[in-house]
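K.L.:
Since the structure of chain A is already known, use the hints to place chain B on it.
Number of protein chains: 2
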Amino acid sequence: MRTLQDRVKEDGVVIDEKILKVDSFLNHQIDAKLMYEVGQVITEHFKDKKITKVLTIEASGIAPAIMASLHLDVPCLFAKKAKPSTMTSEFYQTDIHSFTKNTTSTVVIAKQFLNEDDHVLIIDDFLANGEASLGLHRLVQAANATTSGIGIVIEKSFQPGREKLESEGLEVLSLCQVASLLGNTVKLVGE
Amino acid sequence: MRTLQDRVKEDGVVIDEKILKVDSFLNHQIDAKLMYEVGQVITEHFKDKKITKVLTIEASGIAPAIMASLHLDVPCLFAKKAKPSTMTSEFYQTDIHSFTKNTTSTVVIAKQFLNEDDHVLIIDDFLANGEASLGLHRLVQAANATTSGIGIVIEKSFQPGREKLESEGLEVLSLCQVASLLGNTVKLVGE
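So the sequences go chain by chain: A and B.
Mapping of the first sequence onto UniProt numbering: position 149 corresponds to residue 149, and the numbering continues sequentially without gaps.
Mapping of the second sequence onto UniProt numbering: position 32 corresponds to residue 32, and the numbering continues sequentially without gaps.
If you are wondering where the hints come from, they were derived from the structure by calculation, not from laboratory data.
Incorrect hints may have been included.
Put simply, identical chains are the same to the list, so a pair is met inside one copy or across any two.
What the hints assert, rightly or not - Calculated pairs, DSS-like style, for lysine-lysine (alpha carbon to alpha carbon, straight line, at most 25 Å):
#	residue 1	residue 2
1	21	49
2	81	18
3	49	164
4	101	9
5	81	101
6	33	21
7	21	81
8	111	21
9	101	18
10	111	9
11	111	101
Just chain A, with the same shape it has in the complex (with noise of 0.2 Å):
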């Protein structure tokens, strides 16, 4: 997606070879207007895939997931970060490492709101380590529904996001991919 391309060219900040920082238009700041244009191009990709639900993570995932939520006029669902004391039976959990941060998180969704009909498309703003996209198949598993692809907005292709959801058999659609963050500057694929 150009336009988002050159965005990321522009008003992306390399904090080192493995972390980019987007915080003027996605992580901190958000661009509405570009949001809603990721929406319509992760939606139309995945247009012929019977999508019953969008999921997400909080926070940053939100945006671009509400987005094509609306698009394909279907619930948007975010899983939420949680303490393991709030787990009860009506939630499913899983834990989702973070290698940027080095952290885990729990995460949870409430039961009633993904089930066995539901064919769900996960969406989220970074593709990295495939932790987080991981874990969010693992919820969708979790309540016998089936995942229908996997919607991002910036992956970063030099680390092996791709590679462990494709091996799970997950179609992966990226709207900008980055090749490199070597030399304090951003190599899109392609260039």
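P.N.:
For chain B alone, kept in the frame of chain A given last:
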């Protein structure tokens, strides 16, 4: 806003006389079309205020805020809940107390995204005691910016939030005003 009010009556779950759970369309699963309409109504109300930025707080504020942001064609900024250890001089920070959860969170915004020329529309999912909106207003003040209005999805009118905000000279628009949750029933203002 009639569609929202009907939805609150139909799908709101009364937990106790102070807590209303709307996990099916706002706080866990989100109805994107309803939020799109919420954004439209808030935008229409504040359209003459020359809003330059929408400000909310993660996570449940993001959906209504980004829809208002989309209609207003201005950026949406969400305050992050952060540990004090992550604070630096590049952030404005304030503490927000939640009477519902009986917790106090430090929330931050990066200084670079708010300045003295900004006219800010604060948006949040709920108004109860007003602590979240007041906290966001303090962040706006810290940046020497102007709070031009407050848009709320659901107001619990039996709690003192509106009174506190109005005594600060702030204009509050709520799209659904709950008069009482007594007797396990959602009673709206005007019913």
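K.L.:
Now, for every hint given, state plainly whether the structure supports it.
P.N.:
Status of each hint after checking the structure:
1. In the homo-oligomer, the alpha carbons of residue 21 and residue 49 never lie at most 25 Å apart, since the shortest distance is 32 Å inside one protomer and 32 Å across protomers.
2. Taking the shortest Cα distances, residue 81 and residue 18 sit within 25 Å of each other both inside one copy (24 Å) and across copies (24 Å).
3. Only within a single protomer do residue 49 and residue 164 lie at most 25 Å apart by alpha-carbon distance; the minimum there is 21 Å, versus 49 Å between protomers.
4. In the homo-oligomer, the alpha carbons of residue 101 and residue 9 lie at most 25 Å apart inside one protomer (23 Å), although the nearest pairing across protomers, at 41 Å, exceeds that limit.
5. Both within a single protomer and between protomers do residue 81 and residue 101 lie at most 25 Å apart by alpha-carbon distance, with minima of 15 Å and 15 Å respectively.
6. In this assembly of identical chains, residue 33 and residue 21 lie within 25 Å of each other by CA distance solely inside one copy; the values are 19 Å within and 30 Å between copies.
7. In this assembly of identical chains, the alpha carbons of residue 21 and residue 81 lie at most 25 Å apart whether taken from the same copy (21 Å) or from different copies (18 Å).
8. In the homo-oligomer, the alpha carbons of residue 111 and residue 21 lie at most 25 Å apart only across protomers (16 Å), although the nearest pairing inside one protomer, at 34 Å, exceeds that limit.
9. When the C-alpha separation of residue 101 and residue 18 is checked against a cutoff of 25 Å, the pair qualifies only within one copy, where the shortest distance is 12 Å, while the shortest distance between copies is 36 Å.
10. In the homo-oligomer, the alpha carbons of residue 111 and residue 9 lie at most 25 Å apart only across protomers (22 Å), although the nearest pairing inside one protomer, at 40 Å, exceeds that limit.
11. Taking the closest pair of Cα atoms, residue 111 and residue 101 come within 25 Å of each other only across two copies (22 Å); inside a single copy the shortest separation is 28 Å, beyond that limit.
The structure fails to meet hint 1 from the earlier list, while all remaining hints are met.
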